Amino acid sequence: MTETKSSNPGSAEVWITGIGLATSLGEGLDANWDALNQRRINVDESGFAPYVVHPWAPVNFDTQIPKKGDQRQMEAWQRIGTYAAGLALDSAGVKGNKEILGRMDMIVAAGGGERDLAVDTGILQAEAKGNSAPGFLNERLMNDLRPTLFLAQLSNLLAGNIAIVHGVTGSSRTFMGEEAAGVNAARIALTRIAAGQSDIALIGGSQNSERKDMLVLYEFDDFNLKDKFEPVWARSPKTGFALGSAGVFLVIESRTHAEARGAKPYARLTNVVADQSRRKSPGEVTATLETLWSKLGKLNDNGAIITGATGAQPVTSEELAFLRHHPDFAVRAIGTAFGHTMEAQFPLGLALAAISVSRGALYSPNDPTALEVEMSKPPTQIVVIGAGHWRGEGMALVEAVK
Amino acid sequence: MTATRDKFGRPIVVVTGMGVVTSLGIGKSDNWAKLTAGESGIRTITRFPIDGLKTSMAGTIDFLPVETASSTDLSERLADLVTEEAIAQSAIGTTADFPGPLFLAVAPVEIEWPQRLELGRDAGKAEYDYDDLLRVSGGGKYVGYHRRFLFGSVADYLAEKYGTKGSPISLSTACASGATAIQLGVEAIRRGETDAALCVGTDGSVNPEALIRFSLLSALSMRNDSPHTAVRPFAKNRDGFVMAEGAGALVLESYEAATARGAKILGVVAGCGELADSFHRTRSSPDGKPIIGCVRNALSDAGIVPGQIDYINAHGTGTPENDKMEYLGIASVFGDQTGSIPVSSNKSMVGHTLSAAGAVEAVFSLLTLEHQRIPPTINYDVPDPAIPFDVVPNKARDARVTAVMSNSFGFGGQNASLILTREPI
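First to last, the protein sequences are chains X and U. Under this note's numbering, the first sequence has 56 at position 56, and the numbering climbs by one with no breaks. Residues are numbered in this note's numbering as their position in the second sequence, beginning at 1, plus a constant of 1000.
Calculated from the structure, these hints are not laboratory results. Errors might be hidden in some of the hints.
Taking lysine to aspartate or glutamate pairs in the EDC-like style, the calculated list, with each CA pair at most 20 Å apart, reads [said to hold, decoys possible]: (1) X:Lys212 - U:Asp1129; (2) X:Lys226 - U:Asp1131; (3) U:Lys1054 - X:Glu139; (4) U:Lys1324 - U:Asp1384; (5) U:Lys1161 - X:Asp275; (6) X:Lys212 - U:Asp1132; (7) U:Lys1141 - U:Asp1131; (8) U:Lys1125 - X:Glu127; (9) X:Lys129 - U:Glu1118; (10) X:Lys226 - U:Asp1132; (11) X:Lys129 - U:Asp1132; (12) U:Lys1054 - X:Asp144; (13) X:Lys212 - U:Glu1127; (14) X:Lys295 - U:Glu1193; (15) U:Lys1289 - X:Glu99.
Remember, predicted model here, so these are calculated numbers, not experimental data.
One chain only, chain U, in its complex shape:
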């Protein structure tokens, strides 16, 4: 009989279903084909006027045949698509009856400008203030906006549609959210609370204010004249990240439950690590200690040593700061092996899917394990001598990959790393 517990005696957690949507397309096959072909999903924004913006491109998802009136609508639609794909692949449960809890990484929610302007017009005068908006808000005309703009609204929709069990958890750890959702699922299965968990990350927040907020923090690339080549992770001429939309979903199960029902096992979540940074709201501690600690925690949680990692799916946003600090963190842990481990950034192609990134990149990491092929870091034509990674420049590479580390770091000192393997270790 196969062992169903890891070397620490905990239930082994496997992945039996995955779904993904990014600016490259819908579903795993389309995304994988384009990702390994080195295509970029970044384009000039057409969803709203770009006049006056310092950054006018994004990895938007404009190819869905539905109108969405807010970022939260789009986040929900994307989460729905990937959940459907993941559950269909895993063939778990029955329709609308997923046998476990939902952990959803989702962007913070608020009323947006279209709704605010609608209230303003409803107030019906030229000089008005928030009291006037408040006055028109009640009376039942806008009940739908209460449902829509609750922070729990996307999770509520998914929980009902897919019949997940218990109280769904909506979470934000900024750009590490997707990884945290997976970590929560892993922990629940290891505790023996459930045999399965649905972990989803989604982000549809390319709207004017969200873009401008990042722009005002000088975080975004301004290479607007050439969107496809704007994101340049680890390159010397990198100048920021590009916002993008997307979602990723994973069905996690205990190895025991998955094998008992004869499910196809797509990979193993062998370890999760996290560590918060108290240095600054947007910058990492200059000594790299929180990132180093996070990476070490993930390795130790998986019970493996750095030499067992054959590929690092980097956070790799393409901001001057992130890429430098990620190199420092990885080099400190991996030492002499650093230059010989392939490290690539999916964000060079799909952009930064923010709350979804950890889930999207976990799916891509598992596809890397499945296809034994590493997606490239594109737009890498001017190496940064301070970051001597093997970034798998510009072209995908076939390689033997048994264990992947996927990193996610975010504003507010958020750091999370996952270790994904092909087989139980």
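So that you can see chain X by itself, here it is in the shape it has in the complex:
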């Protein structure tokens, strides 16, 4: 969607009107909500041992991606995301509504797609056996790579597949950059709508955690949680994150637009703020989070915080120091139940905050260190935090609609 002609920035109220969740805990809001309240966690300690991952809970793809040909053109991360995007559009009541989808803006937070491990391994083994003549790599790649694999790997092709399968075509932007990509997707979509540059947007991301090629990247700095699962706040002496599979998408729109089409809100997305501290000296993340907190807007006492804290160090300890400055806020760490879903982590936090606000309850704590406590009253304000494992700090305020 091109810009509308507003010169009145930041005035429109923005609602979350659609949520699509397909995670390691299951599909849909109820399945995820129930699992959280039952403290159920889906974790695999053996399949990728010693690395711990949260595997995706399988779904019937046909319900959201009806053409098998489309399913075949995607790798897992794209299927997961395209599936969840469909759920979000259903939830917002806009699935199949060509008029709205044709002008719906889309910002996807994406990494890249799965490699063909068999091809990679074949090449590496041949090289190890001395087959390293000039042109050897070319020959193997020319012969062994599936032509369509490239499209299943390209970052912007999750958005491309959502356009093809669900018809979201107002605009298509893909943000990259790990956790911060998810924060910025929400931030830019919100500010555009608030400023009248857009009316309605689909935002979110997806990750397939069952990928050895991705484990390699995080293993370079020993970020992967090994051997045994522990809740995020209890990861000591072994630190790190367990990659989590999830597809998470939200439909957000101006209140005016939602009311005109009779859509009901889960919650209001009041503000999203972000920064990137250099993290060169201890305490920088804590200080940045305090600054972001001060920019969120008016916060009432006794609210709640849903954080994407990863379990990686030192950032998780720095965030913990920040949380301890705000002891009257009930805290929930997404990472314990879902693992680290990377680009999708912040959208997942927004989704859980919106569901909690709309259901009038914060879900159960799951934390042996007792940092997380029960919250007895209905939350009307939830702050979502996303501090990246290496870079990027973000925060959002999700509120009950008045």
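Add chain U to chain X, keeping to what the hints say.
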């Protein structure tokens, strides 16, 4: 007092600094001289063995005095060069203190073959699998590769070096990425969030696997025996695009802030348009509607009519499909005027700089406005009767140019168009 808002009441967004590097050379002057002389930067690849490749040429940048070990290293180096040039020209802020956010168009990042082979050798046996690679990856030996192969790594480097503000955005809209970076900057300034934005597109991804991936999609020219004449946008004998490396950077500012500090104004980003295509992963909708809608959105965002455009800087990749669809899109919007508007493709000379193309071509469009001279479409010796554009064949042309449209289209249904003008409209 000069009006600082456009006809829609939004802050006018101007360009006060530009930087560019392509296979033609480093910097605006060198690039402009060669571009208007009709020179080609396409050459036979020497960076890696070309045995067995169907396409063995590219617009590589091999003339930098630094070794780079990965595409991402080179992307970073190129982005750094153009950012330095752009910020120096605009003279904005102080050293390492750019007063606004960074929007970076960058190719998707992953560990590449040199690193993969290094891990393989480290695994130290003949029969191994990914578990063995994983085992040697940890322990701290390869910490640098974590930093390097994060998707946000190039933006992180630029944000620190140039002191941009807030959370930098790395983005990909495939071959439209550079234009999207500029659009994000324009939108931020129009919202009044910032007075300035740094918009950069960079791509250093000529490596064997990237080349082969495009080759397997039959997208690349195979005229390997004559690299200089390989890219033939809009010509009947066009046979594909040629991958190229490059980067472009623009310092955007609100007109108000730029004039207040006495900055020289290089041009105006008057409008941006986009529209996604849901037809196919690599092909445009045959009815051209998404491209038509994108072009119309850009015109309407700028508040102008087709007749006010005096030059179109085409996406013009030289693939049979793109050029046909771009003609259909432009002809549908411009109607009878289509044949009388000059439409040229910089890619005929620099190749297709992929993630950088939108930014590189925005810089060239602004140079066209500055010099009142239109760069040619070279290698145009066999016109395609189905594409009756005035392609400014083979020789640059002096012309009165006040408003330029620059188009970018990409895989995944990405379409973006920019309207650039000399003066505020």
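Hints, one by one, checked against the model:
1. X:Lys212 - U:Asp1129: Measuring from Cα to Cα gives roughly 10 Å; hence the hint holds.
2. X:Lys226 - U:Asp1131: Holds: X:Lys226 and U:Asp1131 sit about 14 Å apart, inside 20 Å.
3. U:Lys1054 - X:Glu139: holds (10 Å)
4. U:Lys1324 - U:Asp1384: With a Cα-Cα distance of about 10 Å, the restraint between U:Lys1324 and U:Asp1384 holds, given a limit of 20 Å.
5. U:Lys1161 - X:Asp275: holds (16 Å)
6. X:Lys212 - U:Asp1132: Holds. X:Lys212 to U:Asp1132 sits at ~11 Å (cutoff 20 Å).
7. U:Lys1141 - U:Asp1131: holds (17 Å)
8. U:Lys1125 - X:Glu127: holds (11 Å)
9. X:Lys129 - U:Glu1118: holds (14 Å)
10. X:Lys226 - U:Asp1132: holds (16 Å)
11. X:Lys129 - U:Asp1132: Since the Cα atoms of X:Lys129 and U:Asp1132 sit roughly 16 Å apart, the hinted pair holds (cutoff 20 Å).
12. U:Lys1054 - X:Asp144: holds (15 Å)
13. X:Lys212 - U:Glu1127: Judged against 20 Å, a Cα distance of about 17 Å means the pair holds.
14. X:Lys295 - U:Glu1193: holds (14 Å)
15. U:Lys1289 - X:Glu99: The given pair, whose Cα atoms are some 15 Å apart, holds under the 20 Å limit.
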